[in-house]
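Just need the whole structure built from these sequences, with the hints factored in.
For the sequence shown, my numbering assigns the number 734 to the initial residue and increments by one for each residue that follows.
Keep in mind that the hints were calculated from the coordinates and are not lab data.
Hints may be right or wrong, so weigh each one.
Computed Cβ-Cβ distance ranges for the label pairs, DEER-style [unchecked claim]:
#1 L791 - A737: 26 to 34 Å
#2 T747 - L794: 30 to 38 Å
#3 D745 - L791: 36 to 44 Å
#4 L784 - R748: 30 to 38 Å
#5 G788 - S746: 32 to 40 Å
#6 E783 - A737: 51 to 59 Å
#7 H786 - A737: 48 to 56 Å
Note that the Cβ used here is the ideal one computed from N, Cα and C, for glycine as well.
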Amino acid sequence: MALAYSPDSSIDSTRLAFLAAAIVLFAMLALYLVGFDQGAISRTGMYMHELMHDGRHLMGLPCH
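Printed below as a string of structure tokens:
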């Protein structure tokens, strides 16, 4: 007789879809902040631009 492992706490498809959407949204926000922000939404002026400057060059995105 073969026994199969079946966990009781499975993630339902609705929760999995919500989690995947949240991860994608966070990744898009991070990409925007690193790649395209240029200080537009930063309240401290160009602080975000200077903080992400090297990462922008490493990803091959223009910033000058």
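Exercise. Looking back at the hints listed earlier, which ones does the structure fail to meet?
Worked result: 1
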